[in-house]
Each structure stands twice: as C-alpha cells, then as structure tokens.
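Mind docking chain E on chain X? Use the hints.
From first to last, the protein sequence lines stand for chains X and E.
Heads up, the first sequence is in my numbering, so the first residue is 261 and it goes up one at a time.
Heads up, the second sequence is in my numbering, so the first residue is 261 and it goes up one at a time.
Because the hints were derived from the structure by calculation, they are not lab data.
Among the hints, erroneous ones may be present.
Same chains, same names: a pair is fine if it fits in one copy or spans any two.
[As the list claims (entries may be wrong)] The calculated DSSO-like cross-link candidates involving lysine-lysine, where the alpha carbons are at most 30 Å apart (straight line), are:
1. Lys782 with Lys599
2. Lys793 with Lys526
3. Lys274 with Lys566
4. Lys291 with Lys498
5. Lys468 with Lys291
There are 2 protein chains.
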Amino acid sequence: MAAPQKQRTTRDAKSLAKSQREISISEFFTKNRHLLGFDSPAKALLTTIKEAVDNSLDACEEAGITPRLLVEIRPDRAAVNLGLELESQSGSAVATATSKTSKNGRSSNGKTNGKGTGPGNKSEERYTVIIEDNGPGIVAAQIPKIFGKLLYGSKFHSLKQSRGQQGIGISAAGMYGQLTTGKPVTVYSRTGDDQPAHRYQIMLDLKKNQPTILTGEETIWEKDHGTRIEIVLTGSYKRGQHSVDNYLMQTSIANPHLHLSYTDPKGQTRVYENSTEDLPVEAKEIKPHPYGVELGILARMLKETKCRNLNSFMKEEFCRVGPKTAESLFEAAGLPARKNPKRLVQEDIQKLLEAIEVTKIPAPPTDCLSPIGEDLVMAGLTSGVEADFYTSVTRPAAVYRGNPFQIEVGIAFGGNLPGDELARVMRFANRVPLLYQASACAIHKAVLTSSWRNYGVQQSRGALPVAPMVILIHMASVWVPFTSESKEAVAHYPEIIKEMRLALQEAGRRLQRHINRRAREKDALKKQSYIQKYIPHIGEALQEILALTDGDREEVIATLTDTLERSRKL
Amino acid sequence: MAAPQKQRTTRDAKSLAKSQREISISEFFTKNRHLLGFDSPAKALLTTIKEAVDNSLDACEEAGITPRLLVEIRPDRAAVNLGLELESQSGSAVATATSKTSKNGRSSNGKTNGKGTGPGNKSEERYTVIIEDNGPGIVAAQIPKIFGKLLYGSKFHSLKQSRGQQGIGISAAGMYGQLTTGKPVTVYSRTGDDQPAHRYQIMLDLKKNQPTILTGEETIWEKDHGTRIEIVLTGSYKRGQHSVDNYLMQTSIANPHLHLSYTDPKGQTRVYENSTEDLPVEAKEIKPHPYGVELGILARMLKETKCRNLNSFMKEEFCRVGPKTAESLFEAAGLPARKNPKRLVQEDIQKLLEAIEVTKIPAPPTDCLSPIGEDLVMAGLTSGVEADFYTSVTRPAAVYRGNPFQIEVGIAFGGNLPGDELARVMRFANRVPLLYQASACAIHKAVLTSSWRNYGVQQSRGALPVAPMVILIHMASVWVPFTSESKEAVAHYPEIIKEMRLALQEAGRRLQRHINRRAREKDALKKQSYIQKYIPHIGEALQEILALTDGDREEVIATLTDTLERSRKL
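Bound-form chain X, shown alone:
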C-alpha cells in the first residue's frame, strides 16, 4: 500500500515553517460557515432575519422604545434578469431563470464518482432581505464595524440578559450575502429627529476582517430614529417547522410587546399586533459571581483592575461580596485585605481561588434577568395556539457555573391540536425561538426525560409525549450556553435540565388536574346519558310492579329526569 520513504516529497521543519501563517477569523468562518448557521440556503435566509431581528429587539429594549419592526423578503428581480440574459447569450439549455451562485446547489452535481457533471436544478434564489426598526439608531462611526467586522459588539463583555451575545451574527449575515451575491450590506440609520440620517454600503474584507466602506453619506429618511438593513443573498424560502414564517410567529409569542409587519416573497403582508405596550422588565448588568471564576480569568482581572487593594477588588469586581464575605475570604486565603492586587503571585491567586471555594457566598442577584412572566407566556400561547387548556410556570431564578438563569414553561392542550402526533415543543432562549438542532438541546432532553404518563399523557420510552399538546420552554440567562455559534441548541448543563424538569412537573400536575377533570366530566356525561336512556324503561318497570297509571309513569319519568338534570348541574 505505502510508498517507500525515499520517493516521498518530504518536508523538513524549515519547509513546514514557510507555510505556517495566521488565519483571520473571517477566513475561518468563511470556510466554516455552517458553524454560524449558514450551511444551507434555507437556513441562511432564516439566520439572517433572526440576527437582524434579535439586534433590533435588543436595541429597542435598551432604549426603552416599544419595538415596531418591518421584515420583508423580496425576490431579487435584477438577478433573475441577469440569469435570463446569460442564457440567451450562452445558448445553454438551462431551464431556470434564477440566480446560480450558490455552492450548495453545485454540490449535488459533483457526487458521481470520477465523472464530470453538468448543471443541476436549484430551489434557491436571490433575495433582498430588509429589516427596519424604530430603535435608537446607530452612531454613524460605528456602523461600518458593526456590519463589516466579525466579533465586534457591545454584549459580549456584559453580564446581562440579551438576545445577541457574541458580536458575530449580523456581520456574518452580511458576509454570507457578499459571498453568494457579491453585494454589499446597505444600512440606513438615524439617532434622533435633530440628527441627520446616514446611509452606508459596506463589504467585509475577508482576509483582514475589516469593513470596506463603499459609500457612506448623509441622506433623507422619513423615520425620526431607527435602523434599516438590506442584505442581498442567495437563499431558499420554505414553509414549515424551520421556516421564517414560523420563526416570526414564535417571536411574536415570546415578545408580546413587539409589533411586527412581515411581507413574504409572494408579497403577502401579515401583521402581528403587540398585545401589550409595556416593555419587559429591564435586565440589569451584573458583575461576575466569585463561584464562576477560574484561575486564568482571576489572574487577568487582578492584573487589569483599577482597585488598589484586595478588599476593594473583591467587592467591586464581583457581585455578592460584602464586608463579611470579604473578611472570611481573606482569612481563608491567608492574604491581607490591603494587599495590592497587582502584587499577587501565582501561589497567592491559587490560595484566593481555593478560599472562594470554601467560603459561603450568596447566590448572584437575579435582576439581570427579564423573564416573560406567567401572564404573558399564557397570553402569547393563547394568541398563537388554539387549545382548550393553557397553563404557565415561571420558576425562581437559579445558577449554573456562576451565571443566573430562569426557566419558564407554558402548555397548551386539547382543542383542535392533533391528538395522535408527538407534542410540539417550542424552544426559546432569551425570547428568541430556536428552530434547528432540537435533539441536541437541553430543552428537548428535559421534555423527553419527564414522565408524562404521570400526568395522564401517552409516552413511549425515550420519545416525546403523544398528545394534542404544545409545550413552550423559555430559558432566560445572562449567558445562554449554546452548543454552537449559530445558537440553535442549549448545552446540557445538569442544573439547567433540572430546573426545566421542575417547571414541567409543576405545569404537568396542572395539566393532569385538567385531564382528570375532563375524564370525570366525560365519565359523568357517559353515566348520565346511560341513565337517561334507561329512565323510560325504569318508568315502565315501575308502572308494571306498582301498577301505576300512564300519567303516574310519565310523572315518575319527569321526576327522575329532573333529578338527573339537577345532579348534573352540581
């Protein structure tokens, strides 16, 4: 099998060194775009809209503005024309008049072993995606970096519940558009009625991960404040579970304060009215909790702090460290409270860390969280799902790896929901619907591992329950541990799954009461109709035994029927 060594074109350390070089984060994600949720044209379309809507909602809430959003997916006529033009020029026999720019379509061609392949059919097209909000707008100088640079944003370093967290999403969407269509991102933004509006066209320098500004100028825009984004991309518009339509419907359920107008590629517009004018409770930013810190991070914090002694360092850089906690910490660590943080050596840091480990520190504050709330989960479910029983549970806040989080569950049951199918699970993280990778998600696992039979619902081992049921689970946290950058599934932390199961238990018990009541009612109804059926016969039997007149018999029947009626009302 193997070639003898001497025939090899071997490379020594020097020759290897020549090819070693830096990889920019944009090169990395260009090649690994599936990590960001751009692995198929359908998913790319959804991810783009998701990232833009997330940002709009975050910005509106930060600015205290009730969000009014406009989402539009517009088929790109220019691309269609270009396609047609090319065909007539090249004389090729391709039937579709759509754009042919995507890699994915081509992949279906190259699959035959060792043979060249011709053109194939495609379902994807070129679309212009437009997302417009009435948010605070973006300061002009920041626009290029926010849309033309990966890993740039305001949320990564802050411990506070928000939809976005990494500073990758929207610039990655722009990058995907650029890769597939060569078109820049267009951004309109205005920060107030006393300010001019700006219009930018931005591309991302793939090699340097830096924005390239094609145009950037003041412009006239009818809005007082807000941001409008236009991205041209190759996508595929589909219906069903993973669709943009479903994502927007679920977003309106989890964000009852959102007013959304959505125009699909066929030009049909659907408006989701907001069911409340009140914004969600504001999430406060918190300092990290000592239980969540690691040696390397602690060392860096000590080095970078502006505090002059350990005492103020611990109190100011962390939450929940009061004078007493600090005192017992320093005692346990054997370190003086007045020591300069920058003077701690490796061994001191280790001691401090071990002291944190053995010291009781209160759990982090929970005002950094903004759950939807039981009433609004209920309202959202009621408006989104037709059923005849609804319930919702918001758990108290809990903590994983030093990060506060809070779980909410809603259940809709019965009505017109299909009874012989698996229950539908709607997953949300910080009010954002999660549509992909269900089976990799902690939410899915929590539902699977709950004992639904206890609540009177059918369930096979290791499967979702079978019932006319929609289960909504929302995780709110300062840091949702997603399994990938595309933020599609929550990682399996035991603390998180436990809280979800507790919430499901509570909701499940209420469901059980409903199901039991229904069963009793049904049972009573059955008995009743049974008796009703036999009342005439009882009348006849009594007539015979007691030799009643026909009138007496009718009276007896009337009395019995009346008694039954009254017992039914009780």
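Just chain E, lined up with the frame of chain X:
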C-alpha cells in the same frame, strides 16, 4: 409585570456606542470553550492529547518519518501539596487533597435557588500531559505562535488530507491549561542533529491572542529531532467509551504505522507496536475545483491572482481545467480568454460563475487523499478486536461541494463480542478517532439507516443493529465538514452519507455470506448429530428386517458412521 418606560435607565445610540468594541478570538473562545471540546475536565484531558497526537502524526508523515510517540498523563504532585498546605492553613474541613481550580466543579455548588452554597466534592485533578514525537521538529521562531496564538497554522489554506485543519487545537489546549492552572505550555523541539534543541515556556495573552514568551533558550536534548509538549491542566481521568485509553487504542487501529507508548496516571505503561514500517501513501496538495467556488471567493481569487489573463488564471488556480475546458468556459461566459483577471467587474464574475455551472468539468484528482487501505483496515481491526469474521471495503473517491473524499468500512463479527448489545461503531476522520457526539454524526446516521436485516442481523427501526459486531468507518478528505470546531461529528452531507451506505452495503453482503455459511454449517451439524444419534437405531432396525447377525449390524453402523464422516468433510 413591566415597569413603566420613564423609570427605565434607557440608553440612546451614543451611550450604546460607548460599549461597542472588538472581541478577540481568544476572548471569544475563552467564554465559548465548549465549542473547542473543553467543556468538561474529562473531555478537556482527551481533547488536549488528541490535538497534540494529531499534530505529531501530521508532522511525521509530512517529513516521511515513521512516527514513534510517547504519551504520558502525570498527576501533578505540586498541586496536591498546595491543596494540603492550604487546608492546614485555613483550617477548613475539606476532605480532598486535590486541586480545586476548576469552574466545573464549582457549578455543582451554585445550583440551589437563592441560597449561598459551600464547597463540594470533585473528581477532577491537576495533571501534567506530555506528548513527545520523533518528528521533524519546529523552527524556533515559529514555536511561540503555534502554541500561543489561536488560528495559526499551515493546514487551513491547503487542500490536502491532514488531521489538523484549523490552527486552533493545540493553542486552545494550552489556553485551557493556562486558564485552569495558570501554568505555561512547555515545548522542547529540535530540527536535526546538527541543530541545537530549544526549550520554550509560552502563555497566551487572552486579550490580544498573542503569545507571551516566559522563557526561550537553547538547551540540551537527547533526541536528534522531534518535539515534546508539556501542558499542566485541570482534568478528569476516566475509563470507558470516551476515555483517553480508548482514543489511543483506536488511533493505533487507524494508524498501523504508529509506534506508541502510553503511560496512564497510575504509572502503567502500555505499548502499541506498529504493524507496518511503511508510511501511508502521501497525500498531495490540490487546487480547488471550479464546482466548489462561490461568487465572493472567486472575486477574491481574481483580485489576488498573479496570472495576467483569464486563461492562465482558470488553469493555474483551479484543478481539472485544461485548454478545452477553459475554452468552453469562456465561450459560455462570453468573456475573452485574454482578459486581465483584475479587470472583471461584478457582472463578469457572475457570468463566469454561471458558465462554470453549465460546463462539464472532470471530477477533482484523488491523490490528495490517503485512505488506510483494505488490508490495513483489516489488520488494524484484527489486532484491536477479537472476532471470528473480518471484512473491509475501501470505496473509490467521491466529491462533495468540490472536495474529494473517500470512505472505508471495516466489520468485525462474532467471536467473544457480546451478541445481545448494540453494535459498536468506531468513527474516524482522516485517521483520527471521533469519540463524542456520535448521534450528531453522518457516520452514525449511515449505520442507522442501513438495512441490517437484509444481512441477517437484528435491527429495530431507527436503532443501531444488535449483533456481536464492531463497525469501523473512516472518512478521508481534504476538508472534513465537522459540525463544530471540536471536530467530533461529521456534518450530514447527502453525498457523504450515500458513500458510507454503499460501503456498508458491500461489507454487509460479505457479512451476510459469512452468517449464511455459519447458519448452514450449524444446520448441517445439527442434522449430522441428529443422524448420528439414530445410526444405532437404524442398525438395529435393519438387523431386525434383514435378519442380520450382530457383526453385520456393527458393520452397517460403522459404514453409515464412516459415510457420514466423509460427507461432513465435504
């Protein structure tokens, strides 16, 4: 639920702008380390060894050296002592004498709602992980960047089968060690017996993603050439499916040329001898195939090329574009072959891309691949798994998204393997065992969706087959599409799953023949023993019917037995 708007601490665009800033890739992966395979102490230990071994094997093969590796996991005494010391100082009641530096252990503390929590027990300890090879060594100037900077390497930009591909792995392992123990990575390297050896101690500047060199000097090292890495980290050493032991055993199966000596934390050394001295066939680097290119990438290539006209650009920057293909390409695109690549406008690029789409181009060459080969898959399985039937299949190369790949399958069946359990699936990508995230992997899916009943093997719907069976699947490719940076599962490309299923079918049919033969043999044996049992009775019956003497009867019995014996031998 919601607070009135005026009470909110609202932020306008200017205040938002102040918190917008750049996030370095090292900050990003510090917070998202689960994406790299460092989400638990057990996985971190495995990932660290995996990344180092991958690099060593790649380097040895590139240099044409038969690899001899040394892997050691050494419990860190210093940490244990420090732990003990601290306890006596602080007078705390903690029972364990182990290091207490990890975040994960602490997470189990913080889970009670709204209450402070004390210390908990931990299974993780501090280890020094050592990996030493006899490879070509690393040029001294490159050492800091390779071990102290994420996204730096030689393999990302090259289309060629190799284990590493992203330039993240080993520096991330160093970063994890640094985060959990505060210790630097130590590297020894020597590039030849005429060169001095070097010793470096490197840390990673988390904020800048740059190496910090603590020490770097010439040193004495007994090896002529090679590299030795020492990383101190908090890990958890476990046995079983996801263990380091299992990973190294599987690595030796897929790399029969590897000589490996492995010392576990208990000090026990196990040696995996190489079953061949021959290195694998060398994988050649190839140019990208036109079918794999996208608009954005093509635009960038046109901009950066040194070629002066389109003709040479297409021929030199891509594989499989000869004079004829180029000619029909340019005709379809309506572009002159002599046009300067840098002068193509957006519309021209679009035309060129659409021309590629409609032009037949031969599939990419396959000498960029280096499969294990049927003989060596068989040899590996035979040495690693005790069974009584082995088979292996290496498929011809195929293509997904312009990337060549090749699938190999091996099956071991029977013998001492447990018959009433699910078959064991060993997954490999470019000769690297994949131990985590099986259910997310295309390999798993290919096994699940094959019809094992056709081959005489039990299988429930949607489940792995139940049989005394080990299934090995290897995917070799210039670019394995992993579902995350931690490289644990292959993405579900239909072309890849199809090839796997074809290979499984071929192997399955051979397995079926074996199972049938076995069944026939068993059947014949059963018949035989049945006849054997009745031969004396037949003898007696014949004696009675034909009035034979006792001698005749015995003779008849002997003859019948002899006939039976001979038929058995046939």
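The hints, checked one at a time:
Taking CA atoms no more than 30 Å apart as the test, Lys782 paired with Lys599 passes in neither setting, with 74 Å inside one copy and 81 Å between copies. Taking the closest pair of Cα atoms, Lys793 and Lys526 never come within 30 Å of each other, the shortest separation being 57 Å inside a single copy and 81 Å across copies. Taking identical chains as interchangeable, the C-alpha atoms of Lys274 and Lys566 lie at most 30 Å apart only when they sit on different chains, with a minimum of 25 Å there against 45 Å within one chain. When the C-alpha separation of Lys291 and Lys498 is checked against a cutoff of 30 Å, the pair qualifies only within one copy, where the shortest distance is 25 Å, while the shortest distance between copies is 34 Å.
Proximity of Lys468 and Lys291 under a CA criterion of 30 Å is satisfied in both settings, with 15 Å inside one chain copy and 23 Å between copies.
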